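2 protein chains.
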Amino acid sequence: MEQLKRLKVKDLLKMNAGEDILAKGWVRTKRGNKQVKFIALNDGSTVNSIQVVMDTEKFEDELIKKITTGASLSIKGKLVESIGGGQKVEIQAEEVELLGECDPMRFPLQKKDTSLEYLRTVAHMRLRTNTFGAILRLRHSMAFAIHKFFNERSFVYLHTPIITESDAEGAGDMFQVTTLDLNDIPKRKGKVDHSGDFFGKKTNLTVSGQLEGELGATAVGEIYTFGPTFRAENSNTPRHLAEFWMIEPEMAFYDVNDTMDVAEDFVKYLVQYALDNCQEDLQFLNDKYDNSLLERLNSVLGIKFERLTYTRGIEILEEAIKNGHKFEYPVYWGADLQSEHERYLVETHFQKPVILTDYPKEIKAFYMKQNDDGKTVRGLDVLFPKIGEIIGGSEREASLEKLESRIKELEMSRKNLEWYIDTRRFGTVPHSGFGLGFERLLLFVTGMSNIRDVIPFPRTPKNAEF
Amino acid sequence: MEQLKRLKVKDLLKMNAGEDILAKGWVRTKRGNKQVKFIALNDGSTVNSIQVVMDTEKFEDELIKKITTGASLSIKGKLVESIGGGQKVEIQAEEVELLGECDPMRFPLQKKDTSLEYLRTVAHMRLRTNTFGAILRLRHSMAFAIHKFFNERSFVYLHTPIITESDAEGAGDMFQVTTLDLNDIPKRKGKVDHSGDFFGKKTNLTVSGQLEGELGATAVGEIYTFGPTFRAENSNTPRHLAEFWMIEPEMAFYDVNDTMDVAEDFVKYLVQYALDNCQEDLQFLNDKYDNSLLERLNSVLGIKFERLTYTRGIEILEEAIKNGHKFEYPVYWGADLQSEHERYLVETHFQKPVILTDYPKEIKAFYMKQNDDGKTVRGLDVLFPKIGEIIGGSEREASLEKLESRIKELEMSRKNLEWYIDTRRFGTVPHSGFGLGFERLLLFVTGMSNIRDVIPFPRTPKNAEF
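Chains as they are written, first to last, in our numbering: chain S, 5 to 470; chain G, 5 to 470.
Derived by calculation from the structure, the hints in this document are not laboratory data.
Hints are not guaranteed to be accurate.
Said to hold, decoys possible - Simulated restraints on C-beta separations: (1) G:Arg-243 / S:Gly-89: 49 to 59 Å; (2) G:Gln-114 / S:Glu-366: 48 to 58 Å; (3) S:Ser-296 / G:Arg-10: 39 to 49 Å; (4) G:Ile-425 / S:Arg-418: 49 to 59 Å; (5) G:Leu-305 / S:Asp-280: 26 to 36 Å; (6) S:Ser-296 / G:Leu-305: 48 to 58 Å; (7) G:Thr-315 / S:Leu-8: 45 to 55 Å; (8) G:Ile-425 / S:Glu-237: 26 to 36 Å; (9) S:Glu-66 / G:Tyr-336: 24 to 34 Å.
Bear in mind that the values here come from a model prediction, so they are computed numbers and not experimental data.
Yeah, the Cβ is synthetic: ideal placement off N, Cα and C, and Gly gets one too.
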């Protein structure tokens, strides 16, 4: 039996009884009696563990005692039919090697408390739980599906810069990046002198790759970004991270309608991919945390999303108020929609995902294409059940003149923007794009309700451990 | 003809003559005479342009005048057989719409100077050249192939943190991340007071995701990272970037031999993928910049990489010196190999890629598995023609005791390392991993010789534009 190749638990569970096998993994639980011990062995390849049966008389007491939750084992044995329990096969252990002990008095996952709140306090170890195994595998599958979707459509994956002089659209508070000695900041005329700083000027972490993405799209046609993005907002909420991952496709020669088609295809593709490839993990999360998860995932497939203007959306909300529906926030033309408004449209009125377009220009960014009415811009938001806005985007203003006048109107600094304006100065083309917050997508796909639980190492105010 | 769907140049070039078509793109060149103009139209979907033929009498002079290099066009016409030239078909233009002009006096790519050095000074526009189109598409294909390789092997893509308190292995100079007002740094007892900083302490940009990757591997088995990595080294060389992308797989239950197998399969897979999927772009780069590119790519396939110890490698180099070979840097057991040494082994001695193992512990990181000889560790480097080291990795020290004693020996601070040590404290397992610099790979695959030319927006000392 020396030459056995190690097999993963995922594969062992699908095999037939009779084979000699080698398995390695961590002990999830041990139970049993004096004659026999049952060990649930997990190696992270699936949310399911395989049962290992140890006849106690075949093994040293000392070894059996050290097989505790979290310990790592290498097991040679025979795959035999499992009597009772949900699984076809189990391992009858013949040789057991203890690879690593796990002191029950100190192991953080030994404790009774397995709440998500507690697990956040031991984030480096929570990855070893079934819950975070499932979430990590889903996160992987969604990332892969994103690359697959765009690759199939010949989009080019563009790495936009992380450290930048640009402040994008002035979208949010930024983290500064510096190599200056904070204990002794050099100054000139009373102000910070960045001449000795690594980049020779003030730089920060990107808040969006879109503007650089437009450089890419107006060069190779269709690009997408998928990278980390940063906001230094001091918000301690279940929906905010200081460091999160964004996907931002940008497409030359696409108008707002082409873009809605891509956005709708995209999210449907991702949900379908999860249902097709992550059944066991989804079932586990559905059963443990959110028993409407699978139903909700299926609810966005096989139907066409409702498309309407912001203006029509406001009318529907006003009618709802007339009919007695109460909202916390006021509804009027020009208001930024709140989550409660978005969810009313999606969950109550249309009962399917909604794409709103043509928003008031005052509540949208400077680069969105201006409509002829002088009041609205060609923005689009995709609204989903439970989470509200999942995608935001627009057709971009392609006219140099209109873009420049909007920048002036908003009294924006052009200083770090000339390179962007060049896209309209030299061979400008109609183009569009949108952004998807990766963790926002994962909240939808996993059914988790706190964004800190869908990223392995969350960065939030006062928290940058590991 | 109103309802024509726009087709990409890549697809048009493969079609047969006879069809009515709609094409959109940018003018690469315009030539011709009074009767007829020939426009090379490119939309970024391929390095090749399609020829558009305009009978001048069918179009306004004003329009024809504005069709200059860099201008964007929408063209309806008929696909006809191309007489002469390398292409099967060309477009006989029937309607031409000028989407965006491009002032020849100002357009940076209009200039005669198309050197890579010049293009670096207009990095936001260089993406529109054939060279950078080819590089961006190759960069995309390699990124996709990386995800595909690991997905096929059930590795989990793990997003390790970008902002971190950890300094990894102390691998390099770091960028600080802060929200403190640099004009007015708060101090306490003469030192920077980070209590009001976003994270409440000193944080920096990651120099490696490996240590966090080990947390992932010892939870779900096999993971890989693929994310931006930062070094604040003030090196203005063709091989250094302050911001670059790294791939770091980490595998539980793999020893150093398993890891060599994965590393070898991995780079072969990537090179094969490029040859299979990026023929036109590779041919273009081969013809324009490096006419041994295709030969070199093929040279790493279909053979087994040579595997030997560092000690044997030193012996070979010493023999070479005895036989009259001159190296710039000295060769002795314990020396860190220089690029010239690596290339001698690969290009002269073995004439194929080489994997060196079992390096002196003094020149390798603290976490590498210690061999029984007390002198060497189970590190591995994959060495390639032209570029030298392309992959570095090791089996990790799995023993808590040995890891702790090495940390002590090196007088490292354990302060931000306890979470890492926990991987050995609780259910430790043999595990291994390696790192591949994405831009290093791209230098090999594209044949470019300056690393600033294989990333869209290079960050180097004094340069963080866009």
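Hints, verified against the model:
Here the CB-CB span from Arg-243 of chain G to Gly-89 of chain S is close to 57 Å, well matched to the stated 49 to 59 Å. The supplied range of 48 to 58 Å is broken by Gln-114 of chain G and Glu-366 of chain S, whose beta-carbon atoms lie about 39 Å from each other. The hinted window of 39 to 49 Å between Ser-296 of chain S and Arg-10 of chain G holds, with their beta carbons roughly 41 Å apart. For Ile-425 of chain G and Arg-418 of chain S, the Cβ-Cβ distance of about 51 Å falls inside the hinted range of 49 to 59 Å, so the restraint holds.
Taken as a hint, the range 26 to 36 Å holds for the pair Leu-305 of chain G and Asp-280 of chain S, whose Cβ atoms sit roughly 33 Å apart. Checked against the hint of 48 to 58 Å, the C-beta distance between Ser-296 of chain S and Leu-305 of chain G comes to roughly 51 Å, which is consistent with it. Between Thr-315 of chain G and Leu-8 of chain S the beta carbons are some 32 Å apart, a value that contradicts the proposed interval 45 to 55 Å. Remark: the range hint 26 to 36 Å for Ile-425 of chain G to Glu-237 of chain S is upheld by a beta-carbon distance near 33 Å.
For the hinted restraint 24 to 34 Å between Glu-66 of chain S and Tyr-336 of chain G, the CB-CB distance of approximately 48 Å leaves it violated.
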